[in-house]
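**Student:** Protein chains in written order, with my numbering: chain B, 1 to 257; chain U, 1001 to 1103.
Just so you know, not all the hints are guaranteed correct.
Unchecked claim - If we take Cβ atoms under 10 Å as the criterion, some of the chain B residues that face chain U in the derived model are: (1) Glu35; (2) Gly38; (3) Ile39; (4) Ser50; (5) Ser51; (6) Ile57; (7) Arg82; (8) Glu83; (9) Asp85; (10) Leu131; (11) Tyr142; (12) Leu145; (13) His146; (14) Trp150; (15) Ala155.
To be verified - Residues from chain U that keep clear of chain B, each with C-beta distances beyond 10 Å, as calculated: (16) Met1022; (17) Leu1035; (18) Arg1041; (19) Arg1046; (20) His1051; (21) Asp1065; (22) Pro1081; (23) Lys1089; (24) Arg1096.
Treat the hints as calculated values from the structure; they're not laboratory data.
Glycine included, every Cβ here is placed at the ideal spot set by N, Cα and C.
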Amino acid sequence: MTEALGLEPATRDALAELLLATADDEFVIGFWDSEWTGIAPMLEEDVATSSVAQDEIGHAKALYELLGELTDEDPDRIAYGREPDRYRHASLLNHRRGDWAFTVARRYLYETADAVRLGALARSTHQPLALLAGKMRREETYHLLHADAWLRRLADAPADVRARLADAIRTLWPDAQDVFAPLAGEEELVRGGMLPTPMRALHADWQARVRPVLEPIAGPLPDAAPRLDGRDRRSRDFAWLHGEFTSVARADERATW
Amino acid sequence: MSTAPAERVWEVFRQEDEGAPMVHAGNVNAPDDELAMHYAREFYGRRGESHRLWIVARDAITELDDPDLLKPPFDRSHKKPGGYIIKHKLEAAKQRALAETGE
């Protein structure tokens, strides 16, 4: 709180936007992937996928708490108390989970983008965020290895599986860019080192990293850039998911947990 | 998936702390050693309960369970430490040593 009070309002709002965007990404992918619980390809993978999804929701919780300290809001209300159009996740996370190849493609795209973003956040001049990002990275390293293992596994699978994976990559490619959509007040954050690298530069790093992996699987991928409204595009799929993940919170808004 | 490759069984051993013995924890099914490592971590390490895991393909284990080799039909009690009664010998040795230093 004390530190939050020391921030200029413009800086605080920009920081809040960064925290909310990152938290919502983690929150929404966590809920989508938890849709595999009970029906993943095999029991061991069921536990692994569910555990990763739970980790993501745990990261979202930590970020919502950081945000709550900054804006003096209840983290649970931030997580569950908003209308669907107030969520700030990237359009990559607007799609329902799809089949296993689609989930693997999305997780690979997201985990790689998240790794690049966390690399920058771990160097943030906002100490609480840098510390949290450092902790998250330790877990995300494993998430990335897991997503990467499955991507290679499906890429080496027979033609029908490989084709599903390639289709999913091509479908998700334009939306994946939006993880790096420009944030309101971003210049302010970059100037103060709270976001030490601008989203545009992080996006370039990420593309340089994933193109050489994805193009041998999916063929040449078109030029694509993050869109200005990349975090404002909502979907029917997300409206459904929102109904699911807020259903318990809405059942009794005064309940304490 | 229709094209899922054959799964193998991997036996998992865990160590609670550095220096503690590796203890058999259980097993996981996985198509290769990479996913076996991930699954072993999820089943036997995700709560911070393990310092180290060993993940071994069950078919890489040499098993011996032949009773002719493990449960021989003759009395082999002399191969157990309990087969030697050395209490009195030790006592005598102590007395001798004492007597020598006493001189």
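**Student:** Evaluate each hint against the coordinates.
**Tutor:** Consistency of the hints with the structure:
Here the hint on B/Glu35 is broken, as its CB sits about 17 Å from the closest CB of chain U, past 10 Å. The beta carbon of B/Gly38 comes no nearer than 15 Å to any beta carbon in chain U, farther than 10 Å, and the hint placing it at the interface is violated. The interface hint given for B/Ile39 is violated, since its Cβ lies 12 Å from the closest Cβ of chain U, which is over the 10 Å cut-off. A distance limit of 10 Å between C-beta atoms decides the matter here; for B/Ser50 the minimum to chain U is near 9 Å, and the interface restraint holds.
Checking B/Ser51 against chain U: minimum C-beta separation of about 5 Å stays under 10 Å; hint holds. For B/Ile57, the shortest C-beta to C-beta distance to chain U is roughly 15 Å, which exceeds 10 Å, and the interface hint is violated. Taking 10 Å as the C-beta contact cut-off toward chain U, the hint placing B/Arg82 at the interface is violated, the least distance being around 30 Å. For B/Glu83, the shortest C-beta to C-beta distance to chain U is roughly 34 Å, which exceeds 10 Å, and the interface hint is violated.
Interface hint at B/Asp85: violated, since its Cβ lies 35 Å from the closest Cβ of chain U, which is beyond the 10 Å cut-off. Here the hint on B/Leu131 is broken, as its CB sits about 19 Å from the closest CB of chain U, past 10 Å. Checking B/Tyr142 against chain U: minimum C-beta separation of about 7 Å stays under 10 Å; hint holds. Because the beta carbon of B/Leu145 sits about 7 Å from the nearest beta carbon in chain U, less than 10 Å, this interface hint is met.
A least Cβ separation of about 5 Å between B/His146 and chain U falls short of the 10 Å threshold, and the interface hint therefore holds. Nearest Cβ of chain U to the Cβ of B/Trp150: about 8 Å, under the 10 Å cut. The hint holds. Taking 10 Å as the C-beta cut-off, the interface hint given for B/Ala155 is violated, the closest approach to chain U being about 13 Å. For U/Met1022, the shortest C-beta to C-beta distance to chain B comes to about 21 Å, beyond the 10 Å cut-off, and the non-interface label holds.
At the 10 Å boundary, the C-beta of U/Leu1035 falls inside the reach of chain B, the nearest C-beta of that chain being 6 Å off. The Cβ of U/Arg1041 does not lie farther than 10 Å from every Cβ of chain B; its closest approach is about 7 Å, which violates its non-interface assignment. Listed as a non-interface residue, U/Arg1046 fails to keep its Cβ farther than 10 Å from every Cβ of chain B; the least gap is roughly 6 Å. The non-interface label for U/His1051 is consistent with chain B: the shortest C-beta to C-beta separation is roughly 16 Å, beyond 10 Å.
In this structure U/Asp1065 is separated from chain B by more than 10 Å, as the shortest Cβ-Cβ distance comes to about 27 Å. The non-interface label for U/Pro1081 is consistent with chain B: the shortest C-beta to C-beta separation is roughly 43 Å, beyond 10 Å. Its beta-carbon lying about 57 Å from the closest one in chain B, U/Lys1089 satisfies the requirement of being farther than 10 Å from that chain. Separation of U/Arg1096 from chain B is adequate, the least Cβ-Cβ distance of about 63 Å exceeding the 10 Å criterion.
Taken one by one, the earlier hints fail for this structure at numbers 1, 2, 3, 6, 7, 8, 9, 10, 15, 17, 18, 19, listed in ascending order.
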